[in-house]
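Participant: Protein chains in written order, with our numbering: chain A, 1 to 222; chain B, 1 to 244.
Be aware that a few hints might be false.
[To be verified] Residues from chain A shown here face chain B by an in silico Cβ test under 7 Å; the list is partial: (1) S115; (2) L127; (3) A209.
[To be verified] As a list, the in silico DSS-like pairs of lysine-lysine whose alpha-carbon atoms are at most 30 Å apart: (4) K129(B) / K118(A); (5) K237(B) / K118(A); (6) K48(A) / K56(B); (7) K123(B) / K48(A); (8) K118(A) / K3(B).
[As the list claims (entries may be wrong)] Partial pick of chain B residues on the chain A-facing surface, computed with a CB cut under 7 Å: (9) L54; (10) N58; (11) F89.
Worth flagging that the hints you see were computed from the coordinates, not collected in a lab.
Ideal Cβ positions, reconstructed from N, Cα and C, are used throughout, including at glycine.
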Amino acid sequence: MRNLDFTVIKPFLHLLPSAIAITLKIGIGAFILTLIIAVIVGSLRTRKLHRIIHFILSAYVEFFRGTPLMIQLFIMYYGLPSFGIKIGTITASILTMGLNSGAYLSEVVRASILSIDKGQYEAAAMLGYSNIQTTMHIILPQSLRIAVPSFMNGFSSIIKETSITSVLPIVELTKLGNQIYAKTYHPFEIYITMAVVYFAMTYFVTFFARWVERRSSVWVKQ
Amino acid sequence: MGKTIIEVNDLSKSYVGIPVLKLLNMKIDTGEVVAIIGASGSGKSTLVRCIAGLEKINSGEILLNGKRVNGTTSTNGKIGMVFQNFNLFPHYKVGQNVSMPLKTILKYNKSDADEKSKLLLDKVHMLDKYEQYPNNLSGGQQQRVAIARALAMEPEIMIFDEPTSSLDPGISHEVFETISDLAKEGQTMLIVTHQINAVRRFATRILFLNNEKIEADGTPDYIFNQSSNENLRHFLKQVYFEDI
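Kindly generate the complete structure, drawing on both the sequences and the hints.
Facilitator: As structure tokens, then:
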């Protein structure tokens, strides 16, 4: 066993900020897209829909849940150009990860909407709320609170899963680690350092999550 | 009596083939306070839920001010509904429960909506809870907020569907006090309840629902002392026995 030497990373440290920036760009971008998709698809799937729309939404959810993220990434980045659709690495990563997590979390949104008491719909209807007003003002605010912990879990997962985008020509954290490893042959020190950076980011998400949960739960029985 | 607000003609309703209401007819005029009594499962709640538009009906018609409203709730709060389980919006504060529908549905501006909600919450003696969330209130308090919320829409008729059934016996009187105050102001009301003694004081008319139809219809004095309907006598005897 040789001695550990973390100083080998030092000459490459200046590359770290831009790698972190790309990781965060993909992570946060994908998370925002996830939120939008999950809320829209999740609430649509609680309703009676036209057969074709219902089929499209189910197919979307099943496809993204039933295939590996890396394959989806390859299809998005390498496959789509065959049809003349060319997108950048970061855009492809955000789109794929957003669609992937959106499929999972739309099911969480759907379940949390279904868990709202039907008395809430009846009370809203009697006051004159339309379907869309009931959803926007009464049902979604309540069901999203239920979904917050799952969303925050999802956010952590997305940050970690961005490492899969290292298979594309893009220098995010994991790819940077690979490159430093190729130059120094100190895998343990390098990947431990990367792990610590990932951990720091998800730990921050955990704090953020607690804050969001507290804020969104003020009306729950004390 | 004033003009007719609610008219029910030949209403029939069944659940999975079991008839609950059969060719039922009734009318409610402005200013009337009508209580519906009857055994559990006699269809009291179903009847008022049909009138409110929360249940689809099998046949017949329901008129609100002479217009057919069969199975629709799109009456913009013209029928105010108070539920057994209150159904307050838990993510809104007490004040918002009353003011938000005013803003969202009736397009009140913020200050008008706030002013009106304060006025109504004061009326049901809940103004001190304005900034609280419903989950921190007792059942009786929640129900009074629910009454204020329904009143805010200035309903032509208030429907109470067993408003005290999920409350402790000691607490239901505070809700009936509020309902009784409304009766004095001339609010038209339709009340489903098991607590016959409580509504007896202020109801102008009592309907006895039995065997899928209204078997007795009259003033409290008629219902309690004069009607010779055997089922009603039997029912009242049972209820009184339970009340003691």
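Participant: Do the numbers back the hint for L54(B), that is, is its least Cβ distance to chain A under 7 Å?
Facilitator: OK, holds: L54(B) within 7 Å of chain A, min 6 Å.
Participant: L127(A) was flagged as interface toward chain B. Is the shortest Cβ-Cβ separation under 7 Å?
Facilitator: holds (4 Å)
Participant: Could you grab the alpha-carbon distance between K48(A) and K56(B) and see if it respects the 30 Å cut-off?
Facilitator: holds (18 Å)
Participant: Given the hinted pair K123(B) and K48(A), is their alpha-carbon gap at most 30 Å?
Facilitator: At roughly 41 Å apart (the allowed maximum being 30 Å), K48(A) and K123(B) break the hint.
Participant: Given the hint that K237(B) pairs with K118(A), test it: the Cα-Cα distance must not exceed 30 Å.
Facilitator: violated (36 Å)
Participant: Would you check the hint for K118(A) and K3(B), treating anything up to 30 Å between C-alpha atoms as holding?
Facilitator: Measuring from Cα to Cα gives roughly 34 Å; hence the hint is violated.
Participant: Let me know if the C-beta of F89(B) comes in closer than 7 Å to any C-beta of chain A, holds or violated.
Facilitator: holds (6 Å)
Participant: Using 7 Å as the Cβ threshold, decide whether A209(A) counts as touching chain B.
Facilitator: This interface hint is violated because 19 Å lies over the 7 Å limit.
Participant: A closest beta-carbon separation below 7 Å is what the hint needs, so does N58(B) meet it against chain A?
Facilitator: violated (20 Å)
Participant: Would the hint on S115(A) stand, with a C-beta cut-off of 7 Å toward chain B?
Facilitator: violated (13 Å)
Participant: Hint check: K129(B) vs K118(A), CA-CA at most 30 Å. Holds or violated?
Facilitator: holds (26 Å)
In summary, the numbered hints that this structure violates are 1, 3, 5, 7, 8, 10.
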